[in-house]
Amino acid sequence: MPDHTKVLEVENLTLKFGGLTALDDVSFHIAEGEILGLIGPNGAGKTTCFNAITGVYRPTSGSIRFRGESLVGKKRFQITQAGIARTFQNIRLFPTMTALENVLVGADARHSTGIFSALFRLPKHRREEAEGHDRAMELLRFMGIQRHADELAANLSYGDQRRLEIARAMATNPKLICLDEPAAGFNPEEKRVLMDLIRKVRDQGYTVLLIEHDMRLVMGVTDRIVVLEFGKLIAEGSPAEIRDNPAVIAAYLGVEEEDAS
Amino acid sequence: MSNKTSKAGGFRARVTGLPKPVKFLGWIVLALLAYALPLLEPPFISTPGVDFGGVLFVVTMYGLVALGLNIVVGYAGLLDLGYVGFYAIGAYTVAILTSFHANWPLLLALPVGMLATLLGGIILGTPTLRVRGDYLAIVTLGFGEIIRLVAVNTEWLGTSKGISNIARPPSLELFEIPHLNWDTGVPLVDFNDSTTFIEFGVLDQIPYYWMGLTVVILVLIADKLIKDSRVGRAWEATREDEDAAELMGVPTFRFKLLAFATGAFVGGLAGGLYASRQSFINPQSFLLLFSILFLAAVVIGGQGNRWGVLVGAVLVAYLPQRFREFDDFRVLVFGLALVALAILRPEGLFPPRRTVRAKQLEQELDELEGAHDGHDGEAAARA
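Protein sequence lines, in the order shown, are assigned to chains A and B. Counting along the first sequence from 1, when you hit position 82 you're at 82 in the numbering used here, and nothing is skipped either side. Counting along the second sequence from 1, when you hit position 276 you're at 276 in the numbering used here, and nothing is skipped either side.
Since the hints were derived computationally from the structure, they do not count as laboratory data. A few of these clues could be false.
Here are a few chain B residues that face chain A, going by a calculated C-beta distance under 10 Å [as the list claims (entries may be wrong)]:
| id | residue |
| --- | --- |
| 1 | 229 |
| 2 | 233 |
| 3 | 236 |
| 4 | 239 |
| 5 | 246 |
| 6 | 247 |
| 7 | 248 |
| 8 | 254 |
| 9 | 304 |
We put the CB at the ideal spot given by N, CA and C, even for glycine.
Chain B with its partners taken away, still in its complex shape (with noise of 0.2 Å):
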């Protein structure tokens, strides 16, 4: 254990080490092949099947609803079951706006989008956020529910039949880049099979999975900006022991409303972009299930760490697309995975950091208590 442990260590160390433009480098090369992956389609790792595209696409928008829900959850410590409500209110707004109601280019209604669900958060955080824990948990769920169900029977929101003909991206058509063909075993550069930079189409998703994973990058910058500030200690504070916190001088209640805010002005982006992708929405894409897949996300992933959701979500909506020839086996083995790992790592995947560090201190503590009465044993099990 010990071993795991250091080695692990070492290697975050050598990284961490590294001079400062190495490490840029680093995360230029990391950012370029994940630009690439859809162009490069690597065996394995491409989807058989499904579109790979489009794959990605869900991919990156689980990502920025992970980080979004982060926020919430994993910073300030407010277990929101009804995120999918903010997905639900960005969709619908960039629909009517661009579709049903009105004309608009979606660049212009994607922001209103994002405002109208910040709003919704405050709207909802507002009452809500002086209720603590469960209590929290269960009007967020109900808040979910009565989106969905206001959309199912509002002639004005488009019923259960949805809203079709949501805008695109606009297009910028410069030049083509042709994909990669492992058909013979070694890669080919395929002229006939190529993707148009940047060309929102409806064949070709490979431009909207560009555009997501820009904005989970954007997202994930602006969220270590905030996350190592003022604004982040006083989450981390509310959350650890809210009242400890307020005595310290933290206006809970207005962090607590911000973290909401912030969070449901992400989950509305991403709700916006994936009506904006699937240019048609209704109520039957906002259900329940969606709220608990982006919470299992978080959680798989390691709450409070904004790496360990973006795998999260990876996990929750890639895999299933990968291995869709065992799709009626999927929730059986995503709940026997969800128990696994709640017995083997609680934490999530990819815990933050400084949570790994208190817990190593502890056990050691426990296995310096306990050394005699069969802690050994324990510690086996758990390396």
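Okay, chain A solo, but in the shape it has when bound (with noise of 0.2 Å):
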């Protein structure tokens, strides 16, 4: 019997690009109902991390298990499907559809409806497309972008392209919900208000992993901090334990010559 407060276990993850290895022997874990910041400097991995969670990189060796199930080899949609939702670092909506159809497209993850339902409108149809689209509008009020719902994403302002991104990834229903900086080019005020938003979807029943670079954001909203450089995981631990931990200081301010991102 897995542990079943450990939603996410990643073990001795190592993944090398060529010559290049991007994460070093790296292990930590998720729990349930926890929001797990993801922290480092530039270059440190955590994309590249989130990237053989969800998996579009396959790790060179270790292993991730999610609910005690391994996803290597997965493919990404089965991963999504599975219950591992994301955003990401660069917002990458589809612009052409609207805020509604974004959501429905996260939404879908969880529907079946093929050619042979939509053609001839069979039940099935009818009800998901009926329950995709109140649990659209329900999270696009929960972002507070519902008035946006019928506008093209590419339409929207920056910040709520940002929170539709977060909507899209709820609509998928997962269990674990990976940010990739999604306070990237918000102002303080902003960010204060996405904190409050994001500790809202942990209080919703999701568990959440953040990758955030602002140091007052990571401290201020999560439970726990897994700190990467150069691939290999140097500390983890509360945010109080973190901003004390020598190393992490060292490779945030750097020490001597080390200034190397």
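Reassemble the complex: the two chains are provided individually, in unrelated frames, and hints are given to aid placement.
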């Protein structure tokens, strides 16, 4: 019986691109219902780690288990359907679709309407459309962008696009939601609002993995933090522990000549 | 510019604002007009020197092909340069089953032809849809040619001599409908010139047009039902950003294959109908040129918009027949028109409505941002 409080377990994860080792023997876990921060200087391997978890990259070695089940070798859409959703560091919405449709695509991860159900408007199609629509509008309201439901994603403001990405990820009804620098480009006030929002997301029963640069945001919202530097895990612990960890301080502020990133 | 767009928006708003029964009635009237077109033989529109019904039939075939190709190119964003290959598979299956190797009735052979094409789409798509963009274009280009060359070189498929005596649809002669005659300048009912409803004969091609139009309408409805569903959304998401779609739980490969197969299915249907009406096919009927023309219909009309691609099909198939006296210049005019289109309306004549909206906003933003650095001139030129 696997430990159910651990939603995601990453063990000895190593990822090499040719001669470059992007992740080197990284192990950590995410407990159910927590907000885990993944931080590190630029190029530390945070996004690479994300990509390995969501199936974009195949690990060179090591294992990733989600609720006791190995994710290695699974297709990306299967990982999403299994219950891991993500957002992107550079916004990647479907620009010619409306905000609502973007969220519906996420909701469709839980649906199975095929061409015949759609063509003959079978009950399954009707039920899933209605369900998806309700859920999508609920999420848009939750994110505070329901007014823009029928606007094209490309036409939303930068902040709303970031919020829409979170809504789209939540629509896939995940257990674990991975946010890749959701506050990038936000001003301090927007960041504060986002912090509240992330907490609310967690309170709805999602587990959150958060990549973030802004130390204040990370310290304020996370329960636990994992620190990467040059592909290696250098520290793990509560925000307070991380703040006082000399290795982390060195990584962020640099020691002597080591200002590499 | 803003004036023009607001007017168009007003018209659209007025049309979409109409109550449902009125709209439905409007569609019925439009459809009836379309059916009656070859009987009315309206001056200027009807084609002097060529059989009008025959031209209209070809137009419906192009329309059908454009609708099918639009699913592949417009919805799923897969550039298919060998669509004529599917058209050929449909046509040859019908030809073989109704004349060359068997004696099946058309209505039995046609579904088999469509299934064969569907299978062809899956067989071609399974290995090739893993490659993207330009590579897919090249592979499909080769596919179209391979199908033709196989037909040329295979005794069993009639080689370059082709196959004749392909079965016609079953006739059901009910009554005669007279045509209108405009010779005197006023429309007169001409009882000497009538079409039998519905006799699929050799001379009168109008019943074929009716059949073609019916099929186009059915495919149009199916297209709308499929597009407004999870399937349509998955296609669009895959086209917009394949990786993001995959990470949002869309099995993109499966949906690309579905688009490819659905498009092939419609192409096979068009090919089968075409073979039946021609009663004779040979490899010359499936040249690469047709793939290009089909694609031109989709691109000119506005890929992704089912009505747009229909208009594109009408333009590509009808105009050269209407202005036959300029036949020698046909390719030149066609080329010039395409160049002009690429400059003036790169999204096609009728891009999907949402693309229009997105473009408008982008332009407004551009104008707001660059109001001082010569954007006014550009905007005026565009208007």
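Structure-based check of each hint:
1. 229: holds, 3 Å
2. 233: Holds, because the Cβ-Cβ distance from residue 233 of chain B to chain A comes to roughly 5 Å (cut-off 10 Å).
3. 236: holds, 6 Å
4. 239: holds, 8 Å
5. 246: holds, 5 Å
6. 247: OK, holds: residue 247 of chain B within 10 Å of chain A, min 5 Å.
7. 248: Interface hint status for residue 248 of chain B: holds (5 Å vs cutoff 10 Å).
8. 254: holds, 9 Å
9. 304: holds, 8 Å
Violated hints: none; the structure is consistent with every hint.
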